[in-house]
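J.: Heads up: the sequence lines are chains A and B, in that order. Under this note's numbering, the first residue of the first sequence carries the number 209, and numbering increases by one thereafter. Under this note's numbering, the first residue of the second sequence carries the number 13, and numbering increases by one thereafter.
Among these hints, one or two may not hold up.
[As the list claims (entries may be wrong)] Here are the simulated BS3-like cross-link-like pairs (lysine-lysine), alpha carbons at most 27 Å apart as the crow flies:
#, chain 1, residue 1, chain 2, residue 2
1, A, K259, B, K107
2, A, K385, B, K107
3, B, K107, B, K196
4, A, K380, A, K502
5, B, K196, A, K259
6, A, K380, B, K107
7, A, K475, B, K196
8, A, K385, A, K367
9, B, K138, B, K90
10, B, K91, B, K46
11, A, K502, A, K259
12, A, K556, A, K269
13, A, K554, A, K502
14, A, K385, A, K375
15, B, K90, B, K46
16, A, K375, B, K107
17, B, K125, B, K90
18, A, K269, A, K259
These are computed hints drawn from the structure, not numbers from a lab.
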Amino acid sequence: MTCQKASHLTFYLTMRVILVVWLALLILSCKEQEVSNPYQFVIPDNFPESKYSFQNNPITKEGFELGRMLFYDPILSRDETVSCSSCHQQHVAFADPLHVLSIGVDERVGTRNALPIQNMAFQQFFFWDGGVNHLDFVPINAITNPVEFDESVGDIVDKLNASSFYKNQFNKAFGEKEVTSQKVLHALSQFMVLMISANSRYDKYIRNEGELLSTQEQRGLLLFKQNCANCHSTDLFTNGDFLNNGLDTDENLDEGRARITEFNGDKGKFKVPSLRNVALTDPYMHDGRFNTLKQVLQHYSNGIKTSSTVDNSLFTNNSPGLSLTEDEQNDIIAFLQTLTDESFIKDKRFSAPLMPKQ
Amino acid sequence: MKNILIAITILFSAFVFIQCTEDEVTSTENGTLKLEFDNVVGTSNLQLNTSNFAFENALGEDFKVTWLSYYISEVRLKKEDGTYFVDPVAFDGSKGFYLIDEADAESHVIELKDVPPGNYTEVTFKIGVDASQMTQGAQTGPLDLSIGLFWSWNSGYIFFAMEGASPVSTAEGNALVYHVGGYKTLDGSPNLVNNIKEITLTFNGDNPIVNADEDPQVHIIMDLKKFFNGPAGNISFASNSMRHSPASCVDVAQNMAAAFNVDHIHQ
Numbered sequence: 209m210t211c212q213k214a215s216h217l218t219f220y221l222t223m224r225v226i227l228v229v230w231l232a233l234l235i236l237s238c239k240e241q242e243v244s245n246p247y248q249f250v251i252p253d254n255f256p257e258s259k260y261s262f263q264n265n266p267i268t269k270e271g272f273e274l275g276r277m278l279f280y281d282p283i284l285s286r287d288e289t290v291s292c293s294s295c296h297q298q299h300v301a302f303a304d305p306l307h308v309l310s311i312g313v314d315e316r317v318g319t320r321n322a323l324p325i326q327n328m329a330f331q332q333f334f335f336w337d338g339g340v341n342h343l344d345f346v347p348i349n350a351i352t353n354p355v356e357f358d359e360s361v362g363d364i365v366d367k368l369n370a371s372s373f374y375k376n377q378f379n380k381a382f383g384e385k386e387v388t389s390q391k392v393l394h395a396l397s398q399f400m401v402l403m404i405s406a407n408s409r410y411d412k413y414i415r416n417e418g419e420l421l422s423t424q425e426q427r428g429l430l431l432f433k434q435n436c437a438n439c440h441s442t443d444l445f446t447n448g449d450f451l452n453n454g455l456d457t458d459e460n461l462d463e464g465r466a467r468i469t470e471f472n473g474d475k476g477k478f479k480v481p482s483l484r485n486v487a488l489t490d491p492y493m494h495d496g497r498f499n500t501l502k503q504v505l506q507h508y509s510n511g512i513k514t515s516s517t518v519d520n521s522l523f524t525n526n527s528p529g530l531s532l533t534e535d536e537q538n539d540i541i542a543f544l545q546t547l548t549d550e551s552f553i554k555d556k557r558f559s560a561p562l563m564p565k566q
Numbered sequence: 013m014k015n016i017l018i019a020i021t022i023l024f025s026a027f028v029f030i031q032c033t034e035d036e037v038t039s040t041e042n043g044t045l046k047l048e049f050d051n052v053v054g055t056s057n058l059q060l061n062t063s064n065f066a067f068e069n070a071l072g073e074d075f076k077v078t079w080l081s082y083y084i085s086e087v088r089l090k091k092e093d094g095t096y097f098v099d100p101v102a103f104d105g106s107k108g109f110y111l112i113d114e115a116d117a118e119s120h121v122i123e124l125k126d127v128p129p130g131n132y133t134e135v136t137f138k139i140g141v142d143a144s145q146m147t148q149g150a151q152t153g154p155l156d157l158s159i160g161l162f163w164s165w166n167s168g169y170i171f172f173a174m175e176g177a178s179p180v181s182t183a184e185g186n187a188l189v190y191h192v193g194g195y196k197t198l199d200g201s202p203n204l205v206n207n208i209k210e211i212t213l214t215f216n217g218d219n220p221i222v223n224a225d226e227d228p229q230v231h232i233i234m235d236l237k238k239f240f241n242g243p244a245g246n247i248s249f250a251s252n253s254m255r256h257s258p259a260s261c262v263d264v265a266q267n268m269a270a271a272f273n274v275d276h277i278h279q
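The shape of chain B in the complex, shown without the other chains (with noise of 0.2 Å):
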């Protein structure tokens, strides 16, 4: 019996140590690309916690604006060649989930590391954390609980979520409530959603080129305008000024996907 055991043990460590070193050689001339997510509203750039209702929404109505945050999951970037690089998820989530915080400027870029080089066309991502994710239980890094971008009593994280203010609110203080989240799906639950987003932002021919030595970044604009008023139709603060719940969430979910878009590439 022991004998068949260290065997094993011995084969079963070569066999780790050939992956490694495969992965090792690959890797040497990969490079960064850097994703900064810029979120602005309309023509402004968005600010916190403004002393006045700053903004203002497709259908004129004012508002301001004191917590946004979103997830970024599993990104992808597609090269020239029609291959992938995919950042790599980690099951406790302390690899492959951005939180994206306007109060935290640091926040903003994404950092992808160890991308082969190449000239890239395209990024897809997901917004917000899907039902895999869930399956593994309690998370680390920007999936920590601590954060609170969590639904409690409906287990999931929140993947989009807006507060602020408006004087046509009629909840209380004027409060802007906008907590997007949903990914559970059953037989028999026609109202149950997932509202996970995955987009694909193209380049537009202004392609990033990755290697050892560049380290190019993509601007992508998020425009809050556009969550208020896209393809899923136009919100007014004055009737609809919270959003809970999976089901409630389903058109500023479908907004939500087309905020999003390449402004410029920095090589």
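Here chain A stands alone, though its shape is the one from the complex (with noise of 0.2 Å):
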């Protein structure tokens, strides 16, 4: 390290520790007044820490609206007819209620089951295979795929710079009225990070808030415990990782994960998804082959298929599966049903917004 870079170093450590205590102390004077603002990120208690670079993009309540405008708004894809909300809607958490594949301009059909957008701060790594690593590039594969959006960055920065609606709402948002991909990019990562789902009824429970569950409920969260959170861990419930989760043999591998490792050791896996609102996200599997989560629970029981990169915690004594009795499925089930955020699939911050005639 050379000895100018050194100094800056010393620089910026010396000003980030005054910035620090500057925030902290601004905060505390700002709790002693104000109430919670719906527009600031918060971590629930029982969370891990954020990964998004809040840093480069502060939230505010005018980027966070034209975010919501965005993903609502048809103009990001080719023809004008498909939006983010067309696969993933709010009352089933952000997933796709309807398509076993998603259906992108021109009814084609695509090749995933498209994961609901939740808790997307904590991510690192985005789509079945993780070939996204920063939210703010999450939009860009929707929008170039030509099974989804079939659309360029620079169309649509020309559409929404053609349109002085949104030229106003960007001036709102960024106090630029020039549309420019970061700024899309940004509003849309606003939007996407405050889609926190913590308050389901296992969230009050774990937080001592006053919510119980009933006995067959606890007895399936110990089953889980004990059968399902070596992958679905935190209370996030996934451990981020890449997985054979034993759906098909060698010749029927989906590329999965080795499409981005480009390792054949990957084939066959898939992100682990997070298990939120897990009852309301069905069908499952990354190409939504179970339509129930009884035809889930009963694959992990006794349907897994052996093949080169399935995972060896889903044997029991070198056989395949978790040999789960059907009451030990029915209360796993039952507790995944705990897992359902009311608050956050009515949550009117995220619903679709009223656009004026333009």
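Fit the two chains together into the complex; they arrive one by one in their own frames, and the hints show the way.
T.: Spelled out as structure tokens, the structure:
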């Protein structure tokens, strides 16, 4: 490290300390008078640290509202027929209630079941194959995919720049009328980072907020911890890893994570999805092959197919499957239903905005 | 509480002010150094969209070029006394990143400003956009995603893009497509590769002198022929007309790093 660099480092560290102290005092002084701000990012007590680069994109009401408009506006797709909300609907935790595989422009059929959009600020990798590693770049994947929006980023920027309505919204959000791809992505991220689901019955139970679980739900929680929490760990209910959960034999393995890692040992592996709101987000798995949680539990219990990449934790005494009894499966399903967050799916901040006539 | 806040704000502002003043004093006699990137194919100047297959690789396979763009970033200049001038990099991509686009003559010259006076002996830069920038999220300037040099399915910039055609290419339309990128590495993923190349080019004693009155220009040549024939081997258009992913680009990325050299200096 050069001397110049070292002195800069010391300078920045000092600045950072001063800033932190200053901000801390500011926050303390605010807390004296203010109640909670609905556009403030607050980490739930039972959640890990956020992964999002807030320092480059601080949330404002106007930025959030702009992101909300863009999320619901089909202007982002080539022929203006498909929006983010086409495959990500609030009443099912922003998953797709209708389609096994996502449907894009010209009724083109995708290759994956849409994942729910929730708790995005806490994720390091996005999509089933984890190819995207920053929330800002998530929309780009849907926008440019020929079977989704089939649109270019440049065209979106041009379309938005041609709209006096949107130019005004960008001005309110970012202090400049000119639309750029960075502002579009920042606005969408501001909307998505606040989409936190942490208010299910389970959350209120685990945070001792007066909620109780039934005896069946408690049995289910215990069974879940014993059988499922190896992968569906933490209160995000995922360890963030990419694993093969025994859906197919070697000859039928989907490319999965190997598309990104270019490593055959990752074939058939997919992101371990969060199980929050899982009772709402059917169908299940990367290709939506299971319609019910019952089918999912039956799969893990006695439907595991062996392959070269299947995860070892899905075996009991060297035999594939977790061998759960019918009652045990039902108990786990009862527990999974406590992860449904009614306040999240009804939160008016995330619903379709009223758009003025343009 | 209010008094403490005011005191800290004043302290904070003073600190910023002092730091700014220091910078201003040292930068008064600084100058500019230009880096010109001249793209060639062997002994011929590179031209886009030639009507015929005007160029030839080392294997004698004819080709033409329709698109050539690459990113240069994190530029450093070494001075005779061993110190470095580091071209500042902005978190949002607005500074320190340069897109060299063959179709845009203005983009061929990078202007390094505020360079302290002195004799410089070498330049170091990266070809591409490194992992640290990706963690900063959406970018502006040359890294604006509207430019389209980006893999959306596997987030990352395309460091170096060459497209064209060759009669021996078996791809549709005899196409040649070489997109070099890839910076991700993860434990347990042996084929995830970092294709970022940092190269250092010396000025071979013909040192540019920077001061307030001099405006030296370093003429750098990027030879596309070397991109297809370098330390990692000879690329045949007949058998290898497409490169689209990090692991498939390992060889051309190594060749790419060897395709740049300093030709001469205009003092």
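J.: Output the indices of the hints that this structure fails to meet, ascending.
T.: Per hint list: 4 and 11 violated.
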